[in-house]
Amino acid sequence: MSLITPDFGLLFWMTVVFLIVLFVLWKWGFPAIIKMVNGRKDYIDESLRKAHEANERLANIQKEGESILQEARERQALILKEAAETRDAIVEKAQEKARGESARLLNEAKAEIESEKQNAIRDIRAQVAELSVLIAEKILRQNLDSEQKQMDMIERLLDDVAIGKDNKN
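Numbering (the numbering used here), first residue to last: 1 to 169.
Please note that a few of the clues may not be correct.
[Stated by the list, open to error] Dumping the calculated DSBU-like pairs for lysine-lysine here, alpha-carbon to alpha-carbon at most 30 Å:
1. K50 / K63
2. K27 / K41
3. K35 / K63
[To be verified] Beta-carbon label-pair distances, calculated as ranges:
4. R75 / I113: 54 to 64 Å
5. A54 / I90: 49 to 59 Å
6. W26 / H52: 51 to 61 Å
7. E64 / W26: 39 to 49 Å
8. Q142 / L105: 29 to 39 Å
9. V24 / E64: 55 to 65 Å
10. H52 / L10: 25 to 35 Å
11. N119 / D166: 37 to 47 Å
12. R156 / L105: 31 to 41 Å
Bear in mind the hints are in silico, worked out from the structure with no lab data behind them. We put the CB at the ideal spot given by N, CA and C, even for glycine.
With these hints in hand, go ahead and build the complete structure from the sequences.
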């Protein structure tokens, strides 16, 4: 016997055992292995399909989120615009009211100044008239201290009145 060439009997029995093991594996082993591999393949395919669906849902959610965010920004801009318009209207109304109030106060002040001016003019006129009467009285007392001067003055006044009537006619 040689180490390199096997004996015919050994080769025969090894072939028989190999064919029996192959038959058993073919009959019961390979179908179970193939079934497990196919099950694992189906599980992986299902997981990939679910992952793809989840990615699609996530993309849709992101799109919806972006559209909601855009809508919120637009609403915020609209609200800010309306608030600015309202603020401007309130400021304009307050300015208009202030202008009206200042015009009214100015008119009242002018009227009060005019009234005070008229009162002052009346007071001055009254004082001037009083002073004029006092001065005239003193002048007349000095000029008319004698009876002869009084008679001369009466004659002059009568002559002035007579001349004034003649000029009017």
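Each hint, compared with the structure:
Between K50 and K63 the CA atoms are separated by roughly 20 Å; this keeps the pair inside 30 Å, and the hint holds. The suggested pairing of K27 with K41 holds, with an alpha-carbon distance near 22 Å, which does not exceed 30 Å. Restraint check: the Cα-Cα separation between K35 and K63 comes to about 41 Å, which exceeds 30 Å; the hinted pair is violated. Against the hinted window of 54 to 64 Å, the Cβ-Cβ separation of R75 and I113 comes to about 56 Å, which satisfies the hint.
Distance hint check for A54 and I90: the Cβ-Cβ separation is about 52 Å, which falls inside the suggested range of 49 to 59 Å. Checked against the hint of 51 to 61 Å, the C-beta distance between W26 and H52 comes to roughly 37 Å, which is inconsistent with it. About 55 Å separates the C-beta atoms of E64 and W26, a value inconsistent with the hinted range of 39 to 49 Å. The hinted range of 29 to 39 Å is not satisfied by Q142 and L105, whose Cβ atoms lie roughly 54 Å apart.
The supplied range of 55 to 65 Å is met by V24 and E64, whose beta-carbon atoms lie about 58 Å from each other. The beta-carbon spacing between H52 and L10, approximately 56 Å, falls outside the hinted interval of 25 to 35 Å. At roughly 43 Å, the beta-carbon separation of N119 and D166 lies within the given 37 to 47 Å, and the hint holds. At roughly 58 Å, the beta carbons of R156 and L105 sit outside the given window of 31 to 41 Å.
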